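Colleague: Now that you have both chains on their own, put them together as the hints suggest.
Sequences listed follow chains A and B, in order.
Here the working numbering runs 2 ahead of the position in the first sequence, where the first position is 1.
Here the working numbering runs 18 ahead of the position in the second sequence, where the first position is 1.
Keep in mind that the hints were calculated from the coordinates and are not lab data.
Here the structure is a predicted model, which is why all the values come from computation and not from measurement.
Be a bit skeptical, because a hint or two may be false.
Listed below are the simulated PhoX-like cross-link pairs for lysine-lysine, each with C-alpha atoms no more than 25 Å apart in a straight line [as the list claims (entries may be wrong)]: (1) B:217 / A:20; (2) A:108 / B:214; (3) B:34 / A:20; (4) B:217 / A:15; (5) A:264 / B:248; (6) B:218 / A:274; (7) B:34 / A:15; (8) B:248 / A:20; (9) B:214 / A:15; (10) A:274 / A:315; (11) A:20 / B:218.
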Amino acid sequence: MEFNYTTEQQEIKEQTFKFARNEMLPFASEFDQSGEMPLTILKKAWELGFVNTCIPVEYGGVGFTSQDTVNITEGLAYGCMGMNTVLMANDLALLPIVIGGTHEQKEKFLRPFTEDYKIASFCLTEPGNGSDAAGIKTNFKEDGDDWVINGDKMWITNAGFADLFVVYGTIDSSLKHKGISCLIVDGKTAGIEIGKAEKKMGHRCSDTRGMRFNNVRVPKENMIGAPGDGWKIAMKTLDHSRPMVAASALGGALCAYDHSVKYATERNQFGKPISSFQAIQFMIANMAMKIEASRLLINKAAWMLDNDIPNTKIASYAKAFAADSCMEITTDAVQIFGGYGYSIEYPVEKLMRDAKLIQIYEGTSQIQRMVIAKEIFSRH
Amino acid sequence: MNIFVCVKQVPDTETKVIPNGDGSFIETNSIKWIMNPYDEFAVEQALLVKASNAGSTVTVLRVGAVHDTEALRTALAMGADDAILVEADDNIDSYMTAKALKGAIEKSGNSADLIFSGKQSIDSDCLQVPQLLAQMLNLPSVSVVVGYEGDSSNIVLKREIEGGALEVYNCSSPALIACNKGINTPRYASLPGIMKAKKKPLAQHSLADVGVSADDRRIVYSDFHLPPEKPAGKKFDAMDEAAQAGIVKEVVGLLRTEAKVL
Numbered sequence: 003m004e005f006n007y008t009t010e011q012q013e014i015k016e017q018t019f020k021f022a023r024n025e026m027l028p029f030a031s032e033f034d035q036s037g038e039m040p041l042t043i044l045k046k047a048w049e050l051g052f053v054n055t056c057i058p059v060e061y062g063g064v065g066f067t068s069q070d071t072v073n074i075t076e077g078l079a080y081g082c083m084g085m086n087t088v089l090m091a092n093d094l095a096l097l098p099i100v101i102g103g104t105h106e107q108k109e110k111f112l113r114p115f116t117e118d119y120k121i122a123s124f125c126l127t128e129p130g131n132g133s134d135a136a137g138i139k140t141n142f143k144e145d146g147d148d149w150v151i152n153g154d155k156m157w158i159t160n161a162g163f164a165d166l167f168v169v170y171g172t173i174d175s176s177l178k179h180k181g182i183s184c185l186i187v188d189g190k191t192a193g194i195e196i197g198k199a200e201k202k203m204g205h206r207c208s209d210t211r212g213m214r215f216n217n218v219r220v221p222k223e224n225m226i227g228a229p230g231d232g233w234k235i236a237m238k239t240l241d242h243s244r245p246m247v248a249a250s251a252l253g254g255a256l257c258a259y260d261h262s263v264k265y266a267t268e269r270n271q272f273g274k275p276i277s278s279f280q281a282i283q284f285m286i287a288n289m290a291m292k293i294e295a296s297r298l299l300i301n302k303a304a305w306m307l308d309n310d311i312p313n314t315k316i317a318s319y320a321k322a323f324a325a326d327s328c329m330e331i332t333t334d335a336v337q338i339f340g341g342y343g344y345s346i347e348y349p350v351e352k353l354m355r356d357a358k359l360i361q362i363y364e365g366t367s368q369i370q371r372m373v374i375a376k377e378i379f380s381r382h
Numbered sequence: 019m020n021i022f023v024c025v026k027q028v029p030d031t032e033t034k035v036i037p038n039g040d041g042s043f044i045e046t047n048s049i050k051w052i053m054n055p056y057d058e059f060a061v062e063q064a065l066l067v068k069a070s071n072a073g074s075t076v077t078v079l080r081v082g083a084v085h086d087t088e089a090l091r092t093a094l095a096m097g098a099d100d101a102i103l104v105e106a107d108d109n110i111d112s113y114m115t116a117k118a119l120k121g122a123i124e125k126s127g128n129s130a131d132l133i134f135s136g137k138q139s140i141d142s143d144c145l146q147v148p149q150l151l152a153q154m155l156n157l158p159s160v161s162v163v164v165g166y167e168g169d170s171s172n173i174v175l176k177r178e179i180e181g182g183a184l185e186v187y188n189c190s191s192p193a194l195i196a197c198n199k200g201i202n203t204p205r206y207a208s209l210p211g212i213m214k215a216k217k218k219p220l221a222q223h224s225l226a227d228v229g230v231s232a233d234d235r236r237i238v239y240s241d242f243h244l245p246p247e248k249p250a251g252k253k254f255d256a257m258d259e260a261a262q263a264g265i266v267k268e269v270v271g272l273l274r275t276e277a278k279v280l
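Just chain B, same shape as in the assembly (with noise of 0.2 Å):
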């Protein structure tokens, strides 16, 4: 089986954002990148599946700025095969990135059985990429998954949706399955992973080389800000009891005219 993983890179979530000087994007320089949260549920699927599908492969795909390629080695620590880089600035949108992938996978020469990636990155939080790609490339998908059980000719999906509630799906390969937290718990890269690591193959291709264009870009971003600093909140003493009276008042006519929520 050819398993594909897409992984992004995104800001430590410890990271404070900035916007950058010109409002174009954020600071980059300054950020430490891990690779998506989700996506790590993402990667541990395709081993999972890989371990029990002898002669299967894990390629792992990525998209984006190549100032550190952290989320493909640690996949590739992980225990996936080789990886794919297509070099693209960070702002790109999400149908520039569904479509970048779509010509990595392409351009291996590879038929995707299986494509996995995380439900959502938790920096732009579009959650488009994995509907996207699936749709472009005509697979089946499912997203907010977490379990995954069966083979690959009758793969039977659970689905979290509102209130706490499961959906469950049958689905054969090929599908592309966008995971979430509690599918499986991702393994640590162990320290022969790491050295092993930097012997895998990782190709790396311009957007040209996967077919994207500057035309294929749909969102614009026109700035960014940090939002509104929060004024400071107010205090009322209500201990004293002939006071209260007043205090109430007080604080429903600032509800009214300051806060405007009554």
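The following block holds chain A by itself, in its conformation from the complex (with noise of 0.2 Å):
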């Protein structure tokens, strides 16, 4: 067993948190209030290697480990959960083409993402699949030497701004899940319909669509793996999202935990700064242990991945365990704050807005529960 970071996952760690001090957290209330992307920030993370962590080395990546990426992913978070969303999706939408693409697919699209700031988007919810993910609708035709895709995509992230599209879709529907196929596509590709932007509770200055394939054609050679793969790939796409995801949530919820603390040994009532009533010390208690439980849970599902070892349930347990944990810190993060929390000229509400969506995207706290009891129940 061993619990202490390497020297150099120490250092990515303290680089990270050092931008996301800098560079991010003193601007995510402006972007978050503006609804703004962020581009010259984002821009400066690619800069410095924070992006696209899952490129490997052969096309031009860091050849980061699963444990760094969730690493970098916690540091972004904790400068604004909405701007890690936005980095965040490129490699949600990258990692099917790390997982299942060809050599060429590989040097074709990802290498591009190594030599500028692009921005990718991952589309797999429908307006009416979100959850059932197995249930989607987009079409995918074959038609000579392309594929063409029809369908309706919701709640897009990046769709406003994306490069590339990975989208899931059906070769036929009747076969549920075994028809679902993925297809990488250009940006630029005609007939892509971007709807607008959607005005969100919380990750404000990231980008959130609705988009529709209309006769959108791609060569076949964008396909990852076979027709059918699909379903597969995206099952192994989140079993490295998840821990990242997760990653997030404990990136937003340490915010909102240091932000208690140095506020409770500030704020005096009664006397006395309220750090040394029971009432907030046990909160604050309670978040110092959430937060632990989630990065060892968030650890330990990376480096079961690092290690070839099967970790789809670690991965929900982590996910489902560290979003609720900073939707409670959060939650708890402006009580403390009392009535300067629920103002927006204290960092606090935001951070409570943004824990929200990571208890609902990639897996609802009810699907992962889903997954867990799914795994617990098929071994007996």
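Modeller: Spelled out as structure tokens, the structure:
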């Protein structure tokens, strides 16, 4: 057993937090209020190597382990959960290519992301299919050397800015999950109709839209794996992405915790700092326990990935526990700040709004429990 | 050009400093170490000079204990080419440090065209090492530098003096330049930089290897202790007009007898 970070892991983590504290956190509120994509900050993050952490060395990536990836995500989300969503969405979209793509596909589609700051979008959810991802209706039809895509997608992160879409659809909806397939679509392809930017409760600086694929033609070589491999690839992607999403919840929770500890020692009531009252101490102690427990689950899920040990169950533990903890911790942070916490002049209400989404996207907290229960009962 | 940068590893600015058990130094076990912030400007300036002088190398030097090599690793991750560590106790004095740096430069086999350092370290605050090192190497030196322009044959340096005025110096390589905040904006170590840093050479010497012995010590620390705790302030309620005259008298009296400032 080894719980210490290596020197290099420690350094990566410190550097990420330094960037988050200096370059993201001071601007988080501004972009939350304007709802604009902080492109300058995002590009700077890319220049320093914080983005597209999943790209292997062979294709121009840095060669991070999954443990590095979750540490980086934690740091970026500490700076701003919304900005992190934009950055993390790139990994989410590129992971299917890393996991199931051919050498040619990786060379063609991954390398450009290491040469310039580019934005990618992962298109799975539809207006009528969220948790029930196997029921997606977007249709892939063979036509000569092409696949032709028709269908609607919903809640697509980065859609308005994407250079590349990774799209899930079905070659035959009667095949259920066996018909699901995955295509790489250049952002400039004709027939892609991008909807208006959604106005959201949190992660407001991230771009979220509905979109329509209207007879979008994609060459056959853009399919990841064989027709019908999509579900398998999506499930493997989730094993990688869920620890990352959990780490983003951890980063947000840690930010709320740091604000709370500082405020509790500075704020006086009844002639004493409120940190001297058990009511506050218990909330802070609960925060600290949940943060540590989240981190251990996340690190374990990432460590299992790095060591080729199936991690589906632990990844779901990590995702559900960290997301629920983040919601509880940010809610308590607002409570500790009292009236000030409810004001947008103070940082914690944004964290509470941002936390909610992490319980929803990338598999709701309830879906995670279904995954966990399925893993448990399939062995009995 | 052979560019050397002297860096010191200092306790993080948020460290709570406590004397160690026998009062010979501070407790170092629980300290988080960082690169001396002024040295970050020195590393950045060295990298900027390297970028405009093809074929240059940046060697980063440090004298100190090996419990952590944070400062050197940070410099390598920022882009320095190699590093030299002279192993020494944390509490050696400025003279020994300067002599060890000189020895390390000579031992590297490269003569220094430019040496950069921070103007001071934020822990011991002696402000001596750059000047001592320059003297030992017989080099011109300028400290508290906030501006660097020109090429190595004609370097124009701006130095901050009292009252916010600037002195302008012209010098040529070889020289030692001690940097202050404002000279540049230190870059972040990129993550690929951190990954590459571990493959860069790091030479390690003892003090004896670089010609420094215990006899070189000029300053011996006799004791380390925390400053006495400040007594709580006194409050006087002067809202009651009738009592004001008496309060003024009392305050003046205390300023005279207790605070002894009158």
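Colleague: Holds or violated: residue 217 of chain B with residue 20 of chain A, Cα cutoff 25 Å?
Modeller: OK: residue 217 of chain B and residue 20 of chain A at ~23 Å, within 25 Å.
Colleague: Hint check: residue 20 of chain A vs residue 218 of chain B, CA-CA at most 25 Å. Holds or violated?
Modeller: Holds - the C-alpha atoms of residue 218 of chain B and residue 20 of chain A are around 23 Å apart, at most 25 Å.
Colleague: Are the Cα atoms of residue 264 of chain A and residue 248 of chain B separated by 25 Å or less?
Modeller: 23 Å, holds
Colleague: Below or equal to 25 Å on CA atoms is what counts here, so check residue 274 of chain A against residue 315 of chain A.
Modeller: 46 Å, violated
Colleague: What's the verdict on residue 214 of chain B and residue 15 of chain A, does the C-alpha distance respect the 25 Å limit or exceed it?
Modeller: Status holds; Cα separation ~16 Å.
Colleague: Taking 25 Å as the top limit, are the C-alpha atoms of residue 34 of chain B and residue 20 of chain A close enough?
Modeller: OK: residue 34 of chain B and residue 20 of chain A at ~20 Å, within 25 Å.
Colleague: Between the alpha carbons of residue 218 of chain B and residue 274 of chain A, is the straight-line distance 25 Å or under?
Modeller: 53 Å, violated
Colleague: Given the hint that residue 108 of chain A pairs with residue 214 of chain B, does the C-alpha gap stay at or below 25 Å?
Modeller: 23 Å, holds
Colleague: Residue 34 of chain B and residue 15 of chain A were given as a pair; does the straight-line alpha-carbon distance stay at or below 25 Å?
Modeller: Status holds; Cα separation ~22 Å.
Colleague: Regarding the pair residue 248 of chain B and residue 20 of chain A, is the alpha-carbon distance no greater than 25 Å?
Modeller: With Cα atoms ~34 Å apart, residue 248 of chain B and residue 20 of chain A exceed 25 Å; violated.
Colleague: Does the alpha-carbon distance linking residue 217 of chain B and residue 15 of chain A stay inside the 25 Å limit?
Modeller: Distance ~19 Å between residue 217 of chain B and residue 15 of chain A Cα, so the pair holds.
Checked against the numbered hints given earlier, this structure breaks hints 6, 8 and 10; the rest are met.
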